[in-house]
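A.B. asks: Residue-level listing of the chains:
Number of protein chains: 2
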Amino acid sequence: MFKITSLPNRFLHPVTQKPEPGAGRENFMRFLHRDFDVPSGKMIVSALLTSVGINFGLCILFFTLYSVLRKQPGNYDVFIPRLLADGMSHQRTGFNLERLLPTPGWVRRAWKPSEEELLASSGLDAVVFMRIVIFWFASFESILWCWDYWVNCSGNQLENVDFANLTNDSLDVFSISNVNNGSKRNMDIYLQRELLIFIRQNLSHINLPFWFIVVPVSAGISVSDTVESFFTEFHPSTYLSHMVIRRTNKLQNLINDMKKQYERLIRLRTESNQPKFEHDGCCGLFRHKVNLVDQYEKKLEDLEENLRLGAIRGFIGRGIRAAFVSFKSRYGAAIALHMQQSNNPTQWVTEQAPEPRDVYWPFFSSTFMGRWISKLVVIFAYFDLTVLFLIPVVFVQGLANLAQLEVWFPALESILSLSFVSEIVTGYLPSLILLIFIRLVPPVMRFLSTFQGYICTSEIEKSACEKVLWFTIWNVFFGNVLSGSVLNQISVLLEPKNIPATLAVTVPAQASFFIAYVVTSGWTSISTELFRLIPFIWSLMRKPCLKSPDDEFEVPGLPYHKDIPRLLFFGLLGITYFFLAPLILPFLLIYFCLAYIIYRNQLINVYEPKYETAGQFWPTVHNSMIFSLLLMHAIALGIFTLKKVSLASTLLVPLPILTLLFNAYCRKRFLPIFVAYSTEALLNKDREDHNDPTMAEFFNQMATAYQDPALLPIQFSTNSDSHSAPLLASAEIRDSERISDQSQ
Amino acid sequence: MFKITSLPNRFLHPVTQKPEPGAGRENFMRFLHRDFDVPSGKMIVSALLTSVGINFGLCILFFTLYSVLRKQPGNYDVFIPRLLADGMSHQRTGFNLERLLPTPGWVRRAWKPSEEELLASSGLDAVVFMRIVIFWFASFESILWCWDYWVNCSGNQLENVDFANLTNDSLDVFSISNVNNGSKRNMDIYLQRELLIFIRQNLSHINLPFWFIVVPVSAGISVSDTVESFFTEFHPSTYLSHMVIRRTNKLQNLINDMKKQYERLIRLRTESNQPKFEHDGCCGLFRHKVNLVDQYEKKLEDLEENLRLGAIRGFIGRGIRAAFVSFKSRYGAAIALHMQQSNNPTQWVTEQAPEPRDVYWPFFSSTFMGRWISKLVVIFAYFDLTVLFLIPVVFVQGLANLAQLEVWFPALESILSLSFVSEIVTGYLPSLILLIFIRLVPPVMRFLSTFQGYICTSEIEKSACEKVLWFTIWNVFFGNVLSGSVLNQISVLLEPKNIPATLAVTVPAQASFFIAYVVTSGWTSISTELFRLIPFIWSLMRKPCLKSPDDEFEVPGLPYHKDIPRLLFFGLLGITYFFLAPLILPFLLIYFCLAYIIYRNQLINVYEPKYETAGQFWPTVHNSMIFSLLLMHAIALGIFTLKKVSLASTLLVPLPILTLLFNAYCRKRFLPIFVAYSTEALLNKDREDHNDPTMAEFFNQMATAYQDPALLPIQFSTNSDSHSAPLLASAEIRDSERISDQSQ
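Residue numbers (UniProt numbering), protein chains in the order written: chain A, 1 to 744; chain B, 1 to 744.
One thing to keep in mind: the hints can contain errors.
In this list, chains with the same sequence are indistinguishable; a pair is considered to hold if it fits within one copy or across any two.
[Stated by the list, open to error] Calculated pairs, DSBU-like style, for lysine-lysine (alpha carbon to alpha carbon, straight line, at most 35 Å):
#1 Lys259 with Lys298
#2 Lys543 with Lys562
#3 Lys298 with Lys543
#4 Lys685 with Lys328
#5 Lys643 with Lys497
#6 Lys668 with Lys685
#7 Lys112 with Lys562
#8 Lys260 with Lys644
#9 Lys375 with Lys497
#10 Lys543 with Lys112
#11 Lys259 with Lys562
#12 Lys644 with Lys543
#13 Lys328 with Lys543
#14 Lys260 with Lys543
#15 Lys298 with Lys260
#16 Lys299 with Lys610
#17 Lys375 with Lys298
Rather than coming from a laboratory, the hints here were simulated on the basis of the structure.
In isolation and in its complexed conformation, chain A is listed as follows (with noise of 0.2 Å):
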């Protein structure tokens, strides 16, 4: 580690020395951090200090009430869902004095299972995400480390401070841009290396495919037959059996329908056997209630008639041109896979089907064209938005000032004129506006990956998270840092010969929002993560329309698309402010910290696996990485640049280089194993299996694995005529099956 002793201005802001970035500038952002932002760029640690204590006090809040609410029985379907549906936690309803003490041993029941256990309950994708927090945390404290040792062996420049005059002062005395550039290459290897042993770790975890999906496109009599034929010629020894994917839209709105009235019934049935006649807020039905039993049972009836008319007549849609084809032994299906089937590669489409549960079933498009267009208009349709999400973000903060709200609300005028309660209006009105915009990308961004044409909910979500990763980085950061208007950042990224310069100026400059957004976003978003604040919000306005405690509750499965980015960000946020205001690292290995406490508690009591990627998500968290080590070479060789250390930014030069490197040899020596699986692999599974006597069973199962659930037979109708002729049958759709596959 070598030193530049004599580096020019140590303890002057990099900006400082400049004019300011944003003048001139329509830098129409600023004014959503403006409670830390003072003109010179610089932080006043009383404002960070504020913001901390009031995160502080929201994190306290929201981790005693969890620790209290989460003990009523009455609470359980939102804070233990997994446990209660495993039937783990039986409701109790006695009572104790401790139910209503703040406890921390959820914090020990979280910390205590090892990696392998997580694995076994929650997945691979549970480890993986676990890993992303584990990873990042053991880098920002490694960089913290380095960077205590490099304040220390560089002996005394901190003790000219005058730390009495500290807090009114600015926080830029730790904002030590000067970065020795020895220290930061080390980090870089060390984080490359981090990155290699993470990767061969995750590798091991690998699991195996069972299942593939072949699209055949085919202008035939038949596609059953055309499925059926092809394989049976050219795989015929390893070809088992196939299904042929139908529009279901029509019929699964009309089960649904089904399902309501079936409900409503069952509900109205059980309330007429109770002797109490309770009047029920919510729903206002219960008046006539002999009459609308029998109603509604005419009705279901008449639904019921509907769907086998239909289901004759071909009514449960044509079968489109893609079939789930299963064979007899992994490496069959995975040659299926891999090897092109026709001479026109867009005829037979093979892709690797996901696991039943993951099935996407309203299938977007099936042939080839369909969904190549269908994506080109999903990345159009999702640039448009990602580069103009600011303009209708600005205009609403622009309707929703002081004085409009004074004007909408005029009871509310004497609490606005506070100077107090005017001054968090102000200040948090255009932060609460843009957090409310931005909570909304996810599911928007989900929305988006569902027309993209893919087959199953794992990979919606995992284009969904590369969405919004993306999405985070352009409009949070660029946005931040560029804060101009939307040309202007594109301008910038036009002339990639001054993106250095351009980010050496604006960079340093938002050091001070970045580490207050890690405060106010970060934390509170963990804590409210733990205390699962809309989904009780959301439970306590329904409760009192539910019967049973029981009655519906769902346990859903990690947002992944929603958390992973907004992990990966912060990660982003360390490595690129790490060397100008190393301040932020505390705060982020808080973060990293709660992050690891509470996601294990979430795993374990609330989120369960709804699919298995294997690990899919990790080449998304690669690439961020990536990316985030070039935006920090690109930072620093601005920074030195702009300051003519030319041998610092001459010695960084190869830094990207070998990042890139670095990459390329990754994707060649890791990505395969994430796109494909070996034959070692895979012959090896078979052969254990080969001798598996329950294989015979499972072949068995795997016939009907691929269902529809709307094609499942249902029946809800009480009718005892209808009762002999089970509605919906698998032999009865194979029946409609033919008539319709010969109609087209």
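Given the coordinates of chain A, work out where chain B should sit on it, guided by the hints.
C.D. replies: Just chain B now, kept in the frame of chain A:
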């Protein structure tokens, strides 16, 4: 097709309205074409006519010489080596007058064969090559036709021009930069349609491969055993045999020495049988004839002894960790190729094996990391070479000026003082130097590619082809157009926003140069191709040394890496200039017309297919076409923006997007066909073979098909004792394999 009726300044050159593009820059490339370049960027018709005249004369001269000289039996090895090798054209010693008269019979013979015949005789690569010529010819012909139609439609603009003054006027009257947008769009669509038709046609010709290489990297006892055990375990039903590859550089050198010695000996013996004592001017060796024969025989025996000892001592090189593995079916081989073999994707790297004749034996490196690093080094070297190429050229050009020549060759002073000669020297010498340097590029690029770790000559040439193409585009097109220093050129690329504007100013200014370039470089290169100038001169120099006319002559292969980039570059020139200077089109049409006849002639008479890549050169062609289209769009966009024809420039914006979409579609629809063969095709071919009785014999041959030529049994010495033990027989090699493997 719509028309913009009142375009401003229809007959003004786009550049003359602007300040001189090169002014104030280091436009050191300008003097390369100073004979055509007048200050305002206009072209004097007389200069062009002179150039056309000279080059037309050269072409006629070469054609006449060719048609006479090819009929002389002594030149058969230069002009019809292929026919000679096939034994189709026997030496005719009789003399008749016809032999001395130029006849156009070869044109008819070149025209005659159908595409199927060409495919049968010269392979798919030759057909692809000819199709490039046809494609560009057809494109430019149709563009010319569209242009003609449009000029007729737009009425009597040309009537305003004073045709009497045309000779001394500028050629810009034909360079109608304000191209009609509608017609250009038509052309674009036409090109894309043509491309599509082309690809479709091309695909129907694809052959099927037979062999695959597997490069295993395993630290084990013996490479051979590792390969054997792996494939018998994981591909038991399809694995046939394998052959470990060994380093044979030293052996090859020894064998080459032996060959030379043997040839000399043979020559000496045939000499001694003849009673006539002939004094050979080239090799002055024949003084003590009998002694020499003995001496050579002794030397040969020593070498053979060395070789035998070396083989036993494992001198033939450690088996490198690579092997050719053969399979019982194509499908089995394809599965081994496309499936990842081991959990670590860098451990068993599979690659398709080339044909045996195509294998590049001096493997550079076989390990994954070794190949990756050598590839990176080559890319780095290529990048440097491309960017810095002009520096030595300009340096040499600076040295070789008129005054310097007079110093070096004082004898020529009187000739050089003639104004005509000095004009030619100053006009052509820099061009000549540039031409010599450019001639050196394909061999240098081929040399670079050999270090990239490719296993076959075809891959090396394919890679060299791409390198030469982008080198030419960068150094000839952008080097001339941007006509600045290297850093200046790069800085333009670093500001993507300004690219269209820069190109709009600089590209039209070089129209005259590139029209002349087509005539000088294109026409001359194609006529020297016919005449085979360098092989002819070489043959003339070598002939006195050789005794028998069929002593040694090798049938060459078409140097695709040299000729494809040239065709593609002329295509790029046509696409970028057809709307700026349509006068380029007739010259290009003549070029492609000549190329069609001449390359067909050469394929029939001269070049022998050295390998069969099944059209692997096509993706390079496709990429260059897409690049040409995008470049044209950028230039057109820049020009319309510059001229403030906002409607036209707005209408142009979708074109590059459509081109990119078309490219993306082609990559999905057609590229997979170049990467892999389909299950359908492979299995059908396998089933055909299954009934073929010759397959057993074929499998037997397979065991030795990939024997390194250096390891084949050879026998030069005439000693009877060494006769009984044929040197380096396969059995011996196999023994030593085991020894050297185990010594690792």
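A.B. asks: Looking back at the hints listed earlier, which ones does the structure fail to meet?
C.D. replies: Those not satisfied are hints 8, 12, 13, 17.
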